[in-house]
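Student: Per UniProt numbering, the very first residue in the sequence shown carries number 1; after that it's consecutive.
There's no promise every hint is true.
Claimed, not checked - Straight-line alpha carbon distances no greater than 27 Å define the calculated DSSO-like cross-link-like pairs of lysine-lysine that follow:
(1) 39 x 370
(2) 365 x 101
(3) 104 x 283
(4) 283 x 101
(5) 161 x 349
(6) 104 x 81
Simulated from the structure, these hints should not be mistaken for lab results.
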Amino acid sequence: MDFETAELISIQEYHSMQNARLDFSTPYTFYYDETNNIKTFYVRENDFNYSFTANFVLGGLVHQGDAPDVQPLIDSFRLQKTAPEAKFKHIAFGGFTDCLKSQKLKLFFRYIIDSPLYVHYTSLNILYWSVVDIVDSAILNSSAAQQIGDFSHKLKNDLYKLCRLEIENVARLFYDFGYPNIQPENIGAFIDALVGIFEPYLDQEEFHFGLESLRQILKQSRKQGSLAFIMDEEDHVLLKDLTHFYLRPVYTFKNSTHIFDNEDSIQEELKEYRMLFNGTEYKNYTFVDSQASPLTQLSDIFSGIMGKYTHYRNTHSIEQIQQDIANLSMLQLENLKLFVELIDRSDRKNPAFMYSTDSYEELLKFDRLKEIVMAMR
1 MDFETAELIS IQEYHSMQNA RLDFSTPYTF YYDETNNIKT FYVRENDFNY SFTANFVLGG
61 LVHQGDAPDV QPLIDSFRLQ KTAPEAKFKH IAFGGFTDCL KSQKLKLFFR YIIDSPLYVH
121 YTSLNILYWS VVDIVDSAIL NSSAAQQIGD FSHKLKNDLY KLCRLEIENV ARLFYDFGYP
181 NIQPENIGAF IDALVGIFEP YLDQEEFHFG LESLRQILKQ SRKQGSLAFI MDEEDHVLLK
241 DLTHFYLRPV YTFKNSTHIF DNEDSIQEEL KEYRMLFNGT EYKNYTFVDS QASPLTQLSD
301 IFSGIMGKYT HYRNTHSIEQ IQQDIANLSM LQLENLKLFV ELIDRSDRKN PAFMYSTDSY
361 EELLKFDRLK EIVMAMR
């Protein structure tokens, strides 16, 4: 399949003009590994086929110019001779705060921070991805809503939070209506059922404005009998595959080299796409055996801790996070500071290294985490 990327790349160039810190043109070398690779996400009669509490994370290390020697770092882990390569499971285990107890993780953080290496990631909140098309479909039917700038982010954030609170009822609703393939004759019933689930939250200050606004713009969709982005799809399949999330950094950083860990299914999927720029084919990615690629091994460590972090963040309020931080040991606190510094340092280098499809409230938890950590220095 021919995949023309010129228009997509021009969009990135436009974003660069709006924010001079975004750099998509410099040639980098990106190394990738992934965690929480769900393949396909779909709704069953009463639940989903996969836990949605941790994000899919595709990420790793990135550098300019020649690759730095990272063998001293790998040697410092003192892995058992039976371990053919360094992997996250050899460095830390348990939940996010348990992982922060690892001396080896501290070695990893410190070495990368002191090196010419940076980190990058694509992070996908699976539940958020699955429900935001409801908002986009409703806004498409409301000219008034289209005039209010970033209003959609508020609606998407509130819908995501409400779905988390009512996840069992939402799963049953999605299954009963074949979501995201709502039939035209069922649009009204689907909207009524969705609003009915969330009606008890209307009087809560946290949700009143967003939920009432969503109710009003959904009325337009009800009248028009259309929710464009959740029709003409496959029954119950919320995320068919992750190919797009592998392709995006490849065409976004067209001048860079992208090195993925061997993953047969992803290789086969990417083979289906012939990357073009103004009609000319290009291929700027390869797959490698991680045992022969130390930087790919270290990318597994970074993507692993990012996956742990997203699960922790998605399942804890900022108040709970603050309480947990107050009870961390010295080593845990030091590792948390290094984790924040590693991401912040990479963001300062190039904010384009970080790409998230997520609720803004979940994303803001990192900013709050950073504030808490900085205040403790």
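Student: Please go over all the hints and tell whether each is borne out by the structure.
Tutor: Hint-by-hint comparison with the structure:
{"no.": "1", "hint": "39 x 370", "verdict": "32 Å, violated"}
{"no.": "2", "hint": "365 x 101", "verdict": "21 Å, holds"}
{"no.": "3", "hint": "104 x 283", "verdict": "36 Å, violated"}
{"no.": "4", "hint": "283 x 101", "verdict": "41 Å, violated"}
{"no.": "5", "hint": "161 x 349", "verdict": "32 Å, violated"}
{"no.": "6", "hint": "104 x 81", "verdict": "16 Å, holds"}
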